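Asker: So you can see what is in the structure, the chains are spelled out below.
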Amino acid sequence: MRTTVTIEEVVRETPSTVTLRFRYAPTALPGQFVMIWLPGDDEVPMSLSYVEPEPLKGVTVKVMGATSRHFNQLEKGVRVGIRGPYGNHFDLTPSNILLVAGGSGAAVLAPAAEAAHRRGSKVSVALGATTANEILFRDRFARFAEEVFLSTDDGTEGRKGFVTNLLPEILSSRKFDAVWSCGPEVMMVKTLRASEEHGVPFFGSLERQMKCAINLCDACAFGPYHVCTEGPVFDGKTLASVEDFGTFKRDASGQRVRA
Amino acid sequence: MDALTVKVAGVEFRNPFLLASGIWGESGASLHRAYVAGAGGVVTKSIGREPRTGYPNPTIERLDDWGLLNAMGLPNPGIKNYAEEVRFALSKGVKVVGSVFGGTPEEFALLSVEMEKLGVGSIELNLSCPHAKGYGSEIGADPELLSEVVRAVKKAVKVPVWAKLTPNTSDPALLAAAAESAGADAISAINTVRALAIDPVGMRPVLYHGLGGLSGPAIKPIGLAFIWQAYEKVRIPLVGIGGITTPEDAFEYLLAGATLLEVGTAVADSGGTVFHTLADGLREILKERGFGNVAEAVGAAHRK
Ligand SMILES: Cc1cc2nc3c(=O)[nH]c(=O)nc-3n(C[C@H](O)[C@H](O)[C@H](O)COP(=O)(O)OP(=O)(O)OC[C@H]3O[C@@H](n4cnc5c(N)ncnc54)[C@H](O)[C@@H]3O)c2cc1C
Ligand SMILES: Cc1cc2nc3c(=O)[nH]c(=O)nc-3n(C[C@H](O)[C@H](O)[C@H](O)COP(=O)(O)O)c2cc1C
Ligand code: FES
Numbered sequence: 070m071r072t073t074v075t076i077e078e079v080v081r082e083t084p085s086t087v088t089l090r091f092r093y094a095p096t097a098l099p100g101q102f103v104m105i106w107l108p109g110d111d112e113v114p115m116s117l118s119y120v121e122p123e124p125l126k127g128v129t130v131k132v133m134g135a136t137s138r139h140f141n142q143l144e145k146g147v148r149v150g151i152r153g154p155y156g157n158h159f160d161l162t163p164s165n166i167l168l169v170a171g172g173s174g175a176a177v178l179a180p181a182a183e184a185a186h187r188r189g190s191k192v193s194v195a196l197g198a199t200t201a202n203e204i205l206f207r208d209r210f211a212r213f214a215e216e217v218f219l220s221t222d223d224g225t226e227g228r229k230g231f232v233t234n235l236l237p238e239i240l241s242s243r244k245f246d247a248v249w250s251c252g253p254e255v256m257m258v259k260t261l262r263a264s265e266e267h268g269v270p271f272f273g274s275l276e277r278q279m280k281c282a283i284n285l286c287d288a289c290a291f292g293p294y295h296v297c298t299e300g301p302v303f304d305g306k307t308l309a310s311v312e313d314f315g316t317f318k319r320d321a322s323g324q325r326v327r328a
Numbered sequence: 021m022d023a024l025t026v027k028v029a030g031v032e033f034r035n036p037f038l039l040a041s042g043i044w045g046e047s048g049a050s051l052h053r054a055y056v057a058g059a060g061g062v063v064t065k066s067i068g069r070e071p072r073t074g075y076p077n078p079t080i081e082r083l084d085d086w087g088l089l090n091a092m093g094l095p096n097p098g099i100k101n102y103a104e105e106v107r108f109a110l111s112k113g114v115k116v117v118g119s120v121f122g123g124t125p126e127e128f129a130l131l132s133v134e135m136e137k138l139g140v141g142s143i144e145l146n147l148s149c150p151h152a153k154g155y156g157s158e159i160g161a162d163p164e165l166l167s168e169v170v171r172a173v174k175k176a177v178k179v180p181v182w183a184k185l186t187p188n189t190s191d192p193a194l195l196a197a198a199a200e201s202a203g204a205d206a207i208s209a210i211n212t213v214r215a216l217a218i219d220p221v222g223m224r225p226v227l228y229h230g231l232g233g234l235s236g237p238a239i240k241p242i243g244l245a246f247i248w249q250a251y252e253k254v255r256i257p258l259v260g261i262g263g264i265t266t267p268e269d270a271f272e273y274l275l276a277g278a279t280l281l282e283v284g285t286a287v288a289d290s291g292g293t294v295f296h297t298l299a300d301g302l303r304e305i306l307k308e309r310g311f312g313n314v315a316e317a318v319g320a321a322h323r324k
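Those sequence lines, one after another, are chains G and E. Position in the first sequence (from 1) plus 69 gives the number in the working numbering. Position in the second sequence (from 1) plus 20 gives the number in the working numbering.
Honestly, the hints are just simulated from the structure, not real lab data. Where hints are given, some of them may not hold.
What the hints assert, rightly or not - Derived, one-sided and incomplete: chain G residues facing chain E with beta-carbon distance under 8 Å:
id, residue
1, R148
2, G150
3, K229
4, G315
5, F317
Unchecked claim - Chain E side only, calculated, beta carbon under 8 Å to chain G, not exhaustive:
id, residue
6, G30
7, T79
8, H229
9, G230
10, G319
11, A321
In this text the structure is predicted, and so the values were computed from the model without any measurement. Backbone N, C-alpha and C define an ideal beta-carbon position, used for all residues, glycine too.
For reference, chain E alone in the conformation it holds in the complex (with noise of 0.2 Å):
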């Protein structure tokens, strides 16, 4: 087995590095271009159940080159359109990991056997959003309402359920444990981290929506600590997200604890060049650290 290659509740990934959720997600070619370019693997958009436009513009904010902010609001175009996107990706041979969000564990459920059914080998509930009334974090920050969506979707497919929590909460940890408890495969964080911008000169805030979500290289010690947490508490895989930029980046994830890792920003500047900079940037780290693969690596800054 080459040294990159990841397995994950039983899914190979050839390499760590995932297209994370929101980012070249609208369309199957864009998911095929992200693979091409090198990804592992692809998370998609998150989708709901109807077409959502999500919130007028501006809807980022970049912010110099260390952090991005979004409030996006989940625009998607509903799990009936989205099919056609999956099933592009899934036949030019994309690992495609299927994102949802819904309102209620019912929903979730419904989505996932969508999902499943049109082929795609793992599930990520997104119960992190951390901008849209009634979804994502309103769900996923509460450890109870979390366990109900994760059995729900459990007891729905039989593909591995990845459960995506959000770093606004003041117990990482807690999260991690519900999901576990709850029967999740996995672990993915962190989402984007509750922020907001303000326009000085029109003293108002430049999102339309107001609060947004930090991503980028600002958030990768939020991530960091949260995979830290995480993997003292609980013994699933965790997929490590967050202001992944660099090789050195990855490596330091998966010290903490992360096997898989998904990179979101990072793509917009590299255009997906970033994919293959990763890869053999971490296959000569850890060559060079004396570890014969990515397993090995995983948690070694717990064990020092």
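Looking at chain G on its own, in the form it has when it is part of the complex (with noise of 0.2 Å):
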């Protein structure tokens, strides 16, 4: 069922990305989205940044496009309509998880590893970002992570060049017993050829074109599997067995397009 909620906080977290936090009761677990709607523009889905019902649960919007855009431009008090949640979550059990995130990809992997460190595992963290001002959640990562493993396209900060580049090195010289990945698919992509070579199992959160949201229309199909509800959480078997993965995403219209 679709409510209202009114935007109580808003944190610019990067040049191009901006958290929202709003009072939302229904129970959520780390991994799982909701799709929220500006009236008169879109209803796109987003991963909860923030679960928990207290303080404020939230969401974090990178710039895409337009409505991403106009995410980016609320403000405080701003209404905004949402249902949800939708979809699986992480498994939190691992007990030594190496998160990958690139992009807004670290929006749905905080929740996920605060609530898996706080039932005692440790979470050591790979960032990239396109340059050092655009690194997503480094402060809140650095909290309680094992150590935070930095990378930018253009060598601004950490080191120079995609994330993926830092894998092999963190996965030879540590023991994990999970992968957990959001961003990019092509560094997805690449983030399970690394985890299998090391024989750590992945987890990671796809992003498909929504519309319905409750496994009705189609529209997230990936293989045979739907996202919006057997998703957006994969394990790396599952990816790995759906040709598309990497390589092709439908349109709006449910064409097979190159991602």
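Join these two chains into a complex; the hints should help.
Answerer: Have a look at this one:
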């Protein structure tokens, strides 16, 4: 059921990313997403970057196109429509987890990592961004992570290049029992490969076109799976078994197009 | 023959429960999945000539557990791109009914020919989408236009042609009779019922398109009435659609006169398990009530 929430806090995370906090009671688990509606614009899926009802739930939105730009301009007091949470969630039982995040991917990984940490898991983080001031949730991770490894495409902070370049070294020198990843799909493909090489179970949060979010319209079809309901979190085996992973998406018409 | 096996216009289905058009129909893999989950067959998403993105979100609005509003706006990748999805489903042995929509009789005919070439066993004409300008019920609510479309398609293809009709009319029997006399091999009904949701906080319609179509349990009585009235008027088989969620719902549609059934909204909540529940349940009910097979129960309520 849809309801309306009021944005109670706006946090500018990076020049292109903002966190919107609001009061929304339904129980949510880390990894799940909501459908957020800006009346007159669009309704889009957003992972919950804060899942606990107290003090406030939240979503963290990076500017990609018109709608996400609109979200980035919202001010405190604005009312938005919301429904959910939808989808599955991360399994929090691994005891030594490596996060690999790029772009807005840290949004969904941060609350999952915090929840795992509270249960006693150790968490390390590889964070990638285009440039230094676009690194998302660096301080949030630093509060509890064992280590935070940074990379930027332009070399303004951490290792220069893609975050996946850090992985061989991290995975060879430390022991993990899970890799969690979210970000551009090519990044996830490379991260999955690296995890497999080191025998570490992989879980990735996937993005696809979403319309109904309730397992009806097939907009989110990914092989035989529906990302809105059986995802967005998939294990590495499942991801690797679907031809479209890293190569094809469906556009709003349902046509398969190169990702 | 198994008690649940049904034949419509010479095409056999292993049970009467088909996946309704527009549900899980974007990909061949999802069509296959519905079949594996126990559907007797699947109806594709309604396909047009060119890719169409449909309306922006919100495209659906859930109303508790009694209904669902949608105005998708007929998103589809166009018949050329969709071919690979149909081929995939057919290659897995799925019984496929190809659904098409057009703005003119010629367009319907052309698309039906393409579907037939792909190998589908039957064609369903979407003459009933309530929320796409120039398509669907804008054509299908007019008996003249509807007849022209059915005639054009019947001339163009050999496979059976089903006309899917709209409940947004004052005289369902009139539409059914028009479809039959134009040569339709079966009638599917109903498509969604025109409806609206308003957001009282924002003080505007919820769906991007404004008006939408209602589906789910709320529309079962409307679907039953349509099938009832059509059964009294025409002799061709009827495909009952609208709110079918439990085996009892299915049995009621048979009693009202439906031979085949399509399931839409209920698929969402069940994740597909509904097909087994429906088939097992209907088998029990038929036995309990002394019917040897589906055909014996069709229209039984008219004979009381
Ligand atoms: C389950 C799920 C969870 C999501 N969670 C978040 C989240 O927490 N934070 C967030 O910012 N976004 C998230 N998204 C993505 C979000 O829903 C929108 O797709 C995104 O905000 C772009 O919308 P737009 O309309 O502004 O841009 P569009 O107009 O749709 O896109 C603009 C351009 O950016 C490209 N593009 C769009 N999305 C991506 C992408 N993810 N990666 C690379 N290129 C892209 C498009 O191809 C296009 O060229 C999530 C998506 C899903 C399915
Ligand atoms: C999300 C959605 C999309 C639909 N798309 C189509 C479509 O493309 N073509 C069509 O003929 N009917 C379409 N329908 C109507 C269904 O096929 C069906 O007639 C209607 O939902 C009633 O059945 P139900 O109550 O079991 O859902 C759609 C329905 C829904 C809910
Ligand atoms: S978004 Fe409609 S089925 Fe997943």
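Asker: For every hint, state whether the structure bears it out.
Answerer: Quick rundown of the hints versus the structure:
1. R148: Holds - the Cβ of R148/G comes within 8 Å of chain E, reaching about 6 Å at its closest.
2. G150: 7 Å, holds
3. K229: Where the cut-off is 8 Å and the nearest Cβ of chain E is about 39 Å from K229/G, the hint is violated.
4. G315: Not OK, violated: G315/G not within 8 Å of chain E, min 17 Å.
5. F317: 11 Å, violated
6. G30: Because about 29 Å separates G30/E from the closest Cβ in chain G, which is outside the 8 Å limit, the hint is violated.
7. T79: Status holds, d = 5 Å.
8. H229: 12 Å, violated
9. G230: With a closest approach of 12 Å, the G230/E hint is violated.
10. G319: 31 Å, violated
11. A321: 30 Å, violated
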